[in-house]
Amino acid sequence: MSETSLSLRQRIWNPEARLAYVLLLPTVVFLAAFMFYPIIYVFVMSFFRTNKLSALTKFVGVKNFIGQFQDTEFWWAALRSLIWTAIGVSSKFLLGMLIAVLLNVKYRGRKVARMAFIIPWASSVPISALLWKLVYHPDFGLLNRTLSATGIWPNPPGGVGAPIPAFAASMWVDVWIGIPFFALVFLAGMQAIPPELYESAHMDGAGSWRSYFSITLPGLRELILISTLLSAIWTFNDFNVIYILTGAGPASTTNILITSVYIDAFVERRFDWAAVQSVITFVILSIVSVIYARFYFRQENA
Amino acid sequence: MKKSILFRLGVVILLFAPIVVWSAPKATFFWAGYDGLTEDFRASLESAFNAQSTDAQIQIVPVPWDSLQDKLNTAVAGGAPPDISVVGTRWILDYMSTDSVVEVAPYVSKATLDNINPAAMEAKVKGKLMGLPIAAGARILALNASITKEVPRTIEELERYAIRFNRPPQHYGLFMPGKEHTELTDFCYYFYGAGGNYFETLPDGSYGKCTVNSPAGVRALTFMAKLALKDKVVEDNFTTYDRIHGHPLFYAGKIGYVMIGAWVDSAMKQAGATFPVIYADIPSFAGQKQAGLIITDSVAFFKQGQNLQAAGKFVDFFYQKQWKGKFDQLIGFPPVTLDAAKDPFWNTPLYKALNHAALTARPWPLVDGFDTLNHETWVACEKVFQGQATPQEALDAAAAAVDKARGM
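Residue numbers (the numbering used here), protein chains in the order written: chain A, 1 to 302; chain B, 1 to 408.
Please note that the accuracy of each hint is not assured.
Stated by the list, open to error - Think about it this way: if two alpha-carbon atoms lie no more than 25 Å apart in a straight line, the pair counts; the simulated SDA-like pairs of lysine to any residue are:
1. B/K404 - A/R110
2. B/K209 - A/N51
3. B/K404 - A/F266
4. B/K404 - A/T57
5. B/K404 - B/G205
6. A/K58 - B/D396
7. B/K209 - B/V63
8. B/K404 - B/P168
9. B/K124 - A/L53
10. B/K71 - A/T57
What the hints assert, rightly or not - Sample of chain B residues at the chain A side, in silico, Cβ under 10 Å:
11. A43
12. G178
13. N374
14. A401
15. K404
Keep in mind that the hints were calculated from the coordinates and are not lab data.
Just so it is clear, CB atoms sit at the ideal spot from N, CA and C, and this is done for glycine as well.
If we strip away everything but chain A, and leave its shape as in the complex, we get (with noise of 0.2 Å):
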């Protein structure tokens, strides 16, 4: 008997299938309680005023969403994630190829880079934040005091107490962190690429960097288009961060749209208006994920 001419009820309702859903339940019912229901609420919530508990209190329809655009704040924390996620991103994915690369040539002692290079995507990022945090300090930090006892910058800037300052530090802290994903990612793609191909073109007189050009990049595109996008949603939510750093300041020169989430909700109870930066944060990032996949699903047809 064929598969078409089996009934919906059959194809769907069979002894195999009834299995995969008892299978199943346990992850879909926690799915739906931890992750879908509090989205859809925070949706919801997004179109009510909310009291200091974040208990709905009256229905004012999209008034909270133009609240939000008049707001200068809003535009410039989105304006600054933009930012923070361009800056962040490639700066990741250069840093990460150019290890790849190191990583992936043979020499004694690769396997303990190989490691060590895995140890900030691996350790707790409130733990490494924490520890930049230290490092960062403007009076006892290792920075500043190997900055000034070396000569190399006599008086350095005052730790993460100025917005430029602040917004770099964060930002290589960001950085430090993400490299080792795109190093690794990147790494296991290159060692897929057929060593064969290496050697035909090397014959055929290609040097190594046109190579790299011919050879490694277009055979890493499917992960470099992943690993990107990946980073991008992971990095323009990047919380963790900024916040233990500078707490978004000084005078809000960090903040951008997840720490304005946070602080709205947390530091002045204004769940409404968090749950409106959400949504937008929300829209944004579909739409990002949404061309991201318009473009690799069109490169990968032709």
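Keeping the supplied structure of chain A fixed, place chain B upon it in accordance with the hints.
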């Protein structure tokens, strides 16, 4: 065989059921991490109460101050608040607006209530006591007497002395935090000293629009910026310091003048500081009335708590002189209880200064939306410290944000 197992299981359940059924109700108390308060004290208080009580038990949960409000709000919003918690008295209005707290009197004995200094009962709202005072302290000026002995009578004199005794990087004239944190105190010292009020008072006594951008506010913030950016008498990199991380600079002997609270003596002892200290009122601007700041914390009872009666029994036990008095000595705040206040421990220069400052000190405004006021005022201060706005511009933006949040 099956019947035998079931029988044995039933016997075991019956044997242990009385323990489950008859265990004393256990109340939960969120215990704020005051400077100077030790874990040993918390543990011994918990053990002592539980040992002597057969019909009530307590679990004291230590929580750092910076995360207390978050933890409490999460617990309340989740429908599982503690029975009692230390709260900043100004938080009580927020909890009342969500019907989360209850009046204290039904759960605490009359003897305990009568033993509390009436002047400390800040949490009385419309005649009902909504929080039992646990700590109340005016803020004072502390001088490192090995650097300076000059007690300023006005803020302008404080500036002159800070400039005179400023010797960076060995020591600095004055400590001033420049980084946002949960307390708004440092701006408030100058603001109250300039005669400022955070809100206008409406004819019915309620609070109207935010007036942090009044001439007094601008004067205060302009002065703070001058101290830091023009006179340069505050610690280097002051924009990276909040109160918690900055006051140790004073304990380390690197600051001449600091505006601080009652914990200074206890904290200095724990830091091993040995230099002499002079205490005085925080001065006001010349021509302004003396007006420091007094801050009270309270113990609030939460409506959805499961064991409020047990919590009340614990509070009666805790507020006895042997425990509350020791608590007060550790955190350094003057006692709110009448019997503990008679202890000769409080007959020191520090407490004389605290009592003197309390005579003219003003509390925080008890207003819904204080969190927004705190955050927006700090953002205004930081903008001025970073040179991004003038004090008037920054405070105008802060006042507008506060009014917007309060629906004004």
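These are the hints, each one checked on the structure:
For the given pair, B/K404 sits about 59 Å from A/R110 by alpha-carbon distance, which is inconsistent with the 25 Å threshold. Distance check on the hinted pair: B/K209 and A/N51 sit about 20 Å apart at the alpha-carbon level, within 25 Å; holds. A threshold of 25 Å between alpha carbons decides the hint, and for B/K404 with A/F266 the separation of about 18 Å falls inside it, so the pair holds. Taking the CA atoms of B/K404 and A/T57, the gap is about 17 Å. The hint holds against a cut of 25 Å.
A hinted pair counts as satisfied when its Cα atoms are at most 25 Å apart, and B/K404 with B/G205 qualifies at roughly 21 Å. Among the hinted pairs, A/K58 with B/D396 is inconsistent with the structure: their alpha-carbon atoms are about 29 Å apart, more than 25 Å. Among the hinted pairs, B/K209 with B/V63 is inconsistent with the structure: their alpha-carbon atoms are about 34 Å apart, more than 25 Å. For the hint linking B/K404 to B/P168, the alpha-carbon distance of about 42 Å lies beyond 25 Å, and the restraint is violated.
A hinted pair counts as satisfied when its Cα atoms are at most 25 Å apart, and B/K124 with A/L53 qualifies at roughly 22 Å. Taking the CA atoms of B/K71 and A/T57, the gap is near 22 Å; set against the 25 Å cutoff, the hint holds. Against a cut-off of 10 Å between C-beta atoms, the interface hint on B/A43 is violated, since the closest Cβ of chain A lies about 27 Å away. Using the Cβ-Cβ criterion of 10 Å, the hint placing B/G178 at the interface with chain A is satisfied: the shortest such distance is roughly 7 Å.
Interface hint at B/N374: satisfied, since its Cβ lies 8 Å from the closest Cβ of chain A, which is below the 10 Å cut-off. With 10 Å as the threshold, the beta carbon of B/A401 comes within range of chain A, its nearest partner Cβ sitting at about 9 Å, so the hint holds. Hint on B/K404 holds. Least Cβ distance to chain A is approximately 8 Å, under the 10 Å limit.
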